[in-house]
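K.L.:
Residues per chain are reported as follows:
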Amino acid sequence: MTIVSAAPLTELEKAVNHLIDVFHKYSNTSSNLIDPAGIEKLCSDLDVSRTDIRFLMLAWTMKAEKQGYITHEEWTRGLKALRADTIDELKKALPQLEKEVRTPSNFADFYAYAFRYSLTEEKPESTDIETICQLLDTVMGSTFRPQVDYFVEYLKIQKDYKVINMDQWMGFYRFCNEISFPDMSEYSPGLAWPLVLNNFVEWIREKQA
Amino acid sequence: MSSGQNPNIVTMEKGFDLIDAAVIKLKRILEGKPEPDFVPGEYIGNYTTVYNMCIQKPPHDWSQQLYEKYGSIFKDYATHTVLPSIMEKHDEYMLRELSRRWDINKIMVRWLSRFFFYLDRYFTVRRSFPSLTQVGMTSFRDHVYNNVHFNVKQVIIALIHKEREGQQIDRALLKNVLDIFVENGIGSMKRYEDDFEDFFLQESASYYSRRSSRWIQEDSCPEVAHYLHSDTEPKLVDIMQTHLLVLVAKQLLEKENSGCSALLRDDKTDDLSRMYRLYHAIPKGLEPVAEAFRLHVTAEGNALIKQAEDAATSGSVEEQVLVRKIIDLHDKYMVYVMDCFQNHTLFHKALKEAFEVFCNKKVAGSSSAELLATFCDNLFRKAGNDKSNDDSTIEATIDSVVKLLDYISDKDLFAEFYRKKQARRLLFGKFNDDHERSILTKLKGQFGGQFTSKMEGMVTDMQLAKDHQTGFEEYINGKPKVVDFTVTVLTTGFWPSYKTSDLNLPVEMVNCIESFKAYYAIKTNHRRLMWIYSLGTCNLNGRFDSKPIELIVSTYQAAVLCAFNNTERLTYQELLEQVNLNHEDLVRVLHSLSCAKYKFLNKQPASKTISKTDSFEFNSKFTDKMRRIKVPLPPVDDRKKVVEDVDKDRRYAIDASLVRIMKSRKVLPHQQLVSECVEQLSRMFKPDIKMIKKRIEDLITRDYLERDTENPNTFKYVA
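As you go down the protein sequences, you meet chains A and B in turn. Be aware that the first sequence starts at 1, since it is given in the UniProt record's numbering, and climbs by one per residue. Be aware that the second sequence starts at 1, since it is given in the UniProt record's numbering, and climbs by one per residue.
These are calculated hints, taken from the structure and not from any lab test. It is possible that part of the hints are untrue.
As the list claims (entries may be wrong) - Derived lysine-lysine pairs resembling DSS-like cross-links, with alpha carbons at most 25 Å apart:
{"no.": "1", "chain 1": "A", "residue 1": "Lys123", "chain 2": "B", "residue 2": "Lys694"}
{"no.": "2", "chain 1": "B", "residue 1": "Lys690", "chain 2": "A", "residue 2": "Lys207"}
{"no.": "3", "chain 1": "A", "residue 1": "Lys159", "chain 2": "B", "residue 2": "Lys641"}
{"no.": "4", "chain 1": "B", "residue 1": "Lys454", "chain 2": "B", "residue 2": "Lys690"}
{"no.": "5", "chain 1": "B", "residue 1": "Lys612", "chain 2": "A", "residue 2": "Lys159"}
{"no.": "6", "chain 1": "A", "residue 1": "Lys207", "chain 2": "B", "residue 2": "Lys694"}
{"no.": "7", "chain 1": "B", "residue 1": "Lys640", "chain 2": "A", "residue 2": "Lys159"}
{"no.": "8", "chain 1": "A", "residue 1": "Lys159", "chain 2": "B", "residue 2": "Lys648"}
{"no.": "9", "chain 1": "B", "residue 1": "Lys106", "chain 2": "B", "residue 2": "Lys69"}
{"no.": "10", "chain 1": "B", "residue 1": "Lys694", "chain 2": "A", "residue 2": "Lys162"}
{"no.": "11", "chain 1": "B", "residue 1": "Lys454", "chain 2": "A", "residue 2": "Lys162"}
{"no.": "12", "chain 1": "B", "residue 1": "Lys612", "chain 2": "B", "residue 2": "Lys599"}
{"no.": "13", "chain 1": "A", "residue 1": "Lys162", "chain 2": "B", "residue 2": "Lys69"}
{"no.": "14", "chain 1": "A", "residue 1": "Lys159", "chain 2": "B", "residue 2": "Lys694"}
Claimed, not checked - FRET-style restraints, in silico, Cβ to Cβ:
{"no.": "15", "chain 1": "A", "residue 1": "Gln158", "chain 2": "B", "residue 2": "Ala396", "range": "27 to 35 Å"}
{"no.": "16", "chain 1": "A", "residue 1": "Glu122", "chain 2": "B", "residue 2": "Gly449", "range": "56 to 64 Å"}
{"no.": "17", "chain 1": "B", "residue 1": "Thr460", "chain 2": "A", "residue 2": "Gln208", "range": "56 to 64 Å"}
{"no.": "18", "chain 1": "A", "residue 1": "Arg205", "chain 2": "B", "residue 2": "Phe199", "range": "58 to 66 Å"}
{"no.": "19", "chain 1": "A", "residue 1": "Gln208", "chain 2": "B", "residue 2": "Lys352", "range": "33 to 41 Å"}
Beta carbons are placed, not taken as given, at the ideal position from N, Cα and C, and that holds for glycine.
Whenever a hint applies, use it, and build me the whole structure from the sequences.
P.N.:
This is how it looks when you write it as structure tokens:
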């Protein structure tokens, strides 16, 4: 997404300067990053909570790498893409952003991004169950409420896995999109579904019996 | 006669008279009445008469009339002579008469068509009328066959029925008569089918239905008779199959006294052989029999398992008895397969499938793999003592064990249990080298070298250990006196893993260890010795007050006892520090020395269990009528550990197999990957599908595999 404009260079420069000004309102001067404290302020100004899916979508637009931090580059990228250079404009852009991210092609990418975003340096491959449960609620809760509720319940009581990896995370996405719920008639444990989903389905079937 | 007529013209009346005379003569000849044969002159004369009558100029050309005359000769004969002669007879006589008359007709057609031949040259051709032969044959069909076939068919079927009931019939006659049916179709099988075959098949169907249950006992195998037309055979076989098998199969096989299950139950081998022969002749006939066999053997096997389960409630499983019984069951039914069932693959397969079902059942918590390993252990331990178990019996039993192992899916579990028990046999008892090697050779032959390599290594180690011992004894011959001391050096990797401990040995033993270490360092290079004191035994002299008694104890027990050489009394804590065992082991040792059958130590307080606050004293008052006492230290229960170890090995095996498959295939759908993996590993164990899935996921995390982004059901190898 680029700004298409026939304006002379100076106008563009003005816009970019604006962006940077806004950035500096939230950034930590010594590190030149927006850190968790700055993010809190940003969220409050945007009138979204930090766990709101729209904030996550904003992070996706920025291609923010580290959870809790926004770099200069990421900020610029994001606001340019949304054609916003003030907080107000950014706020107004959020509903449209949500609509766009929810298109099937974007959403799969966004869903994968949400997982990567949750990874840390200490755990670069997988994320703990508690964080996953929260993340599932945020990302899929509004569209696949029953699946999310059941899966979250299952994850909390099972003992096989303490963390979830990318393959399992994506497996759940496919599960929600391909398998009808709660009858799950299309599900076959012999197919390549991750084992955690096999166990999940078994658990539900036992409850249904 | 008019005056202008040529006296050579043959009139119709004259011609017909001549022909009639010839026909009468012919009939007499054909009917076997005394009558001289036609001489060539007469033959030519008859032919010429017809010829002349045909070529004469109108109005004396009698072709049409001759043709009609010819036809009426047959019709009259058929109607006035042939038909009545057949109809007045019954049963077989009727058939014979029909057959006779049919033959006569054929000859008559041949002769008369020669006499009247000239008609066929021009007249019938020009007018497109049926030929003389055709007229003769259709005449028979229309005037004779059509009127008799129904009754004839009844007779034929009655005769076939008679034959089925075991009586002799004239088969040649039947064949002739049925040929008549065929030929009267004049080019088509329709008459045969409609007038005979359909009825016959229907009758056969109801016959088989009625007879099906009696049939087997009476052993009257229904052949497909040769007098029937070849077209009938497949139709008849089909009917036989339907009525003898499909409709009554279940009944036949389950029938109370004569069904297959009953025969098996009552060991009626002759009847089973007969049943095999009968069903063998019918396409797919053997399948239900093999099925009944499989069910029966499975039921017997399951019963044995249940028996063992029930018996085990009172104690442990009597694996000697159970395995023996299973071996006997196998031998018994293998004989059935080879004799009654003529070594047929269907029955081999049925036997295999039956055994695979119950040979994999657990009995009172023990897997069949474990039971079989325990059985072998007992077999070899008792071999020396039991005179009834001579070498050939043992060999035969070993063969049976190897056969049984084939049916067990967890072969790797058997190997592990066997290995553990073999280790105990080799280290702690007398073992028979020949027996040990014999079973390993046979297992290797059946399951491959990898299966037995560790076990073979262990047996070889024992031989090498003897050599080392001899060498060691020579070595210490000149050296300062050490306590008599035997060392068995085991090659790590062959043997089960044993815990080492930092046992503090009594000083006398330390010297032994040091001198062997020195000897070994000379003999070998770069080998590290790990001392497994938990497996050692010690002979101690117990200087009790009344008399000295030799004690045969484990090294751990010896270390504890020797601690009392210098001190009267020791507390648990002191012992712990001095001997340096862990709590679990020390408690076990102290229990065996102070709370069990022989109390070499006095414990305070004198309770039944060891606690950390106890204190111990040498029991100098101890005595026993024996001069030598063996004090057993109960071994730790291995079973859980064995299962854990095998599970771990399986995980590695599955990983290796998955990587191997993906490396060669590069891209593979999930189901195929799983099934190939199962196939590859099936020789050693039956992998759990869930475990395979988990290993796949693990391999994905470790970047050996990845899921195909376009098709998530397919995996790709990551180079």
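K.L.:
Work down the list of hints and note, for each, if the structure agrees.
P.N.:
Tested hints:
Taking the CA atoms of lysine 123 of chain A and lysine 694 of chain B, the gap is about 20 Å. The hint holds against a cut of 25 Å. Distance hint between lysine 690 of chain B and lysine 207 of chain A is fulfilled; the C-alpha atoms sit about 20 Å from each other, no more than 25 Å. Only pairs whose Cα atoms come within 25 Å are accepted, and lysine 159 of chain A paired with lysine 641 of chain B is accepted, the gap being roughly 22 Å. Restraint check for lysine 454 of chain B and lysine 690 of chain B: not satisfied, since their Cα atoms lie roughly 29 Å apart, outside the 25 Å limit.
Taking the CA atoms of lysine 612 of chain B and lysine 159 of chain A, the gap is about 36 Å. The hint is violated against a cut of 25 Å. Among the hinted pairs, lysine 207 of chain A with lysine 694 of chain B is consistent with the structure: their alpha-carbon atoms are about 24 Å apart, no more than 25 Å. Between the alpha carbons of lysine 640 of chain B and lysine 159 of chain A the distance comes to roughly 21 Å, so the proposed pair stays at or under 25 Å and holds. A C-alpha spacing of about 19 Å is found between lysine 159 of chain A and lysine 648 of chain B, which places the hinted pair at or below 25 Å, so the restraint holds.
Distance hint between lysine 106 of chain B and lysine 69 of chain B is fulfilled; the C-alpha atoms sit about 18 Å from each other, no more than 25 Å. At most 25 Å may separate the alpha-carbon atoms for a hinted pair to count; lysine 694 of chain B and lysine 162 of chain A meet this at roughly 14 Å. Annotation: proposed proximity of lysine 454 of chain B to lysine 162 of chain A is violated, straight-line Cα distance about 37 Å (limit 25 Å). Note on lysine 612 of chain B and lysine 599 of chain B: the hinted pairing holds, with a Cα-Cα distance of about 19 Å set against a maximum of 25 Å.
A hinted pair counts as satisfied when its Cα atoms are at most 25 Å apart, and lysine 162 of chain A with lysine 69 of chain B does not qualify at roughly 110 Å. With a C-alpha separation of about 14 Å, the suggested pairing of lysine 159 of chain A with lysine 694 of chain B holds against the 25 Å cut-off. Taking the beta carbon of each, glutamine 158 of chain A and alanine 396 of chain B are about 52 Å apart, not inside 27 to 35 Å as hinted. Judged by the Cβ atoms, the range 56 to 64 Å given for glutamate 122 of chain A and glycine 449 of chain B is violated: they are separated by roughly 47 Å.
Separated by about 58 Å at the C-beta atoms, threonine 460 of chain B and glutamine 208 of chain A satisfy the suggested range of 56 to 64 Å. Taking the beta carbon of each, arginine 205 of chain A and phenylalanine 199 of chain B are about 59 Å apart, inside 58 to 66 Å as hinted. Separation of glutamine 208 of chain A from lysine 352 of chain B is about 39 Å and conforms to the stated range, judged on CB atoms against 33 to 41 Å.
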